[in-house]
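**Student:** So the protein lines, in turn, are chains P and Z. According to this note's numbering, the first sequence holds residues 10 to 231 in order. According to this note's numbering, the second sequence holds residues 3 to 81 in order.
Take these hints with a grain of salt, some might be off.
[Said to hold, decoys possible] Dumping the calculated EDC-like pairs for lysine to aspartate or glutamate here, alpha-carbon to alpha-carbon at most 20 Å:
#1 K218(P) <-> D64(P)
#2 K12(Z) <-> D160(P)
#3 K42(Z) <-> D64(P)
The hints are simulated quantities; they were obtained by calculation from the structure and are not laboratory data. All of these numbers come straight from a predicted model, not from anything done at the bench.
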Amino acid sequence: MKAAVVVFPGSNCDRDMAVALKAAGADVTMVWHKDADLPDGTDFVAIPGGFSFGDYLRCGAIAAKSPICKAVINHANRGGYLLGVCNGFQILTETGLLPGVLMRNAGLKYICKYIGLEVVTSNSDFTHGYNAGDILSIPIAHHDGNYVADDTIVAQLKDQDRVAFSYTDNPNGSVSDIAGILSENRRVLGMMPHPERAADDGHGGTDGKAMFRAIVDAVVTA
Amino acid sequence: MKARVHVMLKNGVLDPQGEAVRHALGSLGFDGVNGVRQGKVVELDLTESDAAKAEAQVNDMCEKLLANTVIESYRVEMI
Chain P
10 MKAAVVVFPG SNCDRDMAVA LKAAGADVTM VWHKDADLPD GTDFVAIPGG FSFGDYLRCG
70 AIAAKSPICK AVINHANRGG YLLGVCNGFQ ILTETGLLPG VLMRNAGLKY ICKYIGLEVV
130 TSNSDFTHGY NAGDILSIPI AHHDGNYVAD DTIVAQLKDQ DRVAFSYTDN PNGSVSDIAG
190 ILSENRRVLG MMPHPERAAD DGHGGTDGKA MFRAIVDAVV TA
Chain Z
3 MKARVHVMLK NGVLDPQGEA VRHALGSLGF DGVNGVRQGK VVELDLTESD AAKAEAQVND
63 MCEKLLANTV IESYRVEMI
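Input sequences plus hints: build the corresponding full structure.
**Tutor:** Below, the structure written as structure tokens:
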């Protein structure tokens, strides 16, 4: 599988993401935000966590308008796989590829800790390595992870089985405890928790590993 | 031509920062503050000299970048 990890000024989980993807067997290229194109044959794009453009204006707003994001949007619209973690999730909502928005945590504090993450659906190429109802231990590290969407969108996400992950103990005020959502074609996933920080024994947990393995398997067998 | 853009959270969107400010005001003894909403002001210095064209440009800027219309409303003031 050919994976691309997008790097913005202020990204800080790009290398962790690349390490997790490589460990799962992906061939990884780092892509700079000023590039207008993804490498030929890219199957999977990851938008990593961090503080792109210093979180100026709104988290992810400026990154979402960068040259590479046009290519990323085209990739997603062609049915390509796309993962946004943390700031990456914020960027995906700002591009409009995923609905809703991530607002300031309800408690106003930056939170960095392991949380309980429930797998809500295993029906996606990201989550098929888990069973629905599995509780994973995955770290979060964010100030703006409070998922907000209107009732119609939340109902639609639930009806279409597009809530991928939810918090077992809501840390940030997200509506319906939502921690991660899928696009309509189930090939775009945005999530606040960091699976790439729970993908190696050295991390203190490996519950995120199955996600990277699942996505590599899906593309290799496709 | 200059423009000032006011970006505010839409009514009904909970504003945790505004709430924190309200609590802080209360603890300073400012009673009677029923609500606080916090927003942003963006000032733009534009080369366009035609007010109508400039305003149209600024509206476009708001839609594309300055506001996230999922949760925010904006108001453009030409100055």
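**Student:** If a hint holds in the structure, say so; if it does not, say that too.
**Tutor:** Hint check:
1. K218(P) <-> D64(P): It is violated: about 28 Å lies between the C-alpha atoms, which goes past 20 Å.
2. K12(Z) <-> D160(P): 15 Å, holds
3. K42(Z) <-> D64(P): 14 Å, holds
When each numbered hint is compared with the structure, a violation occurs for hint 1 only.
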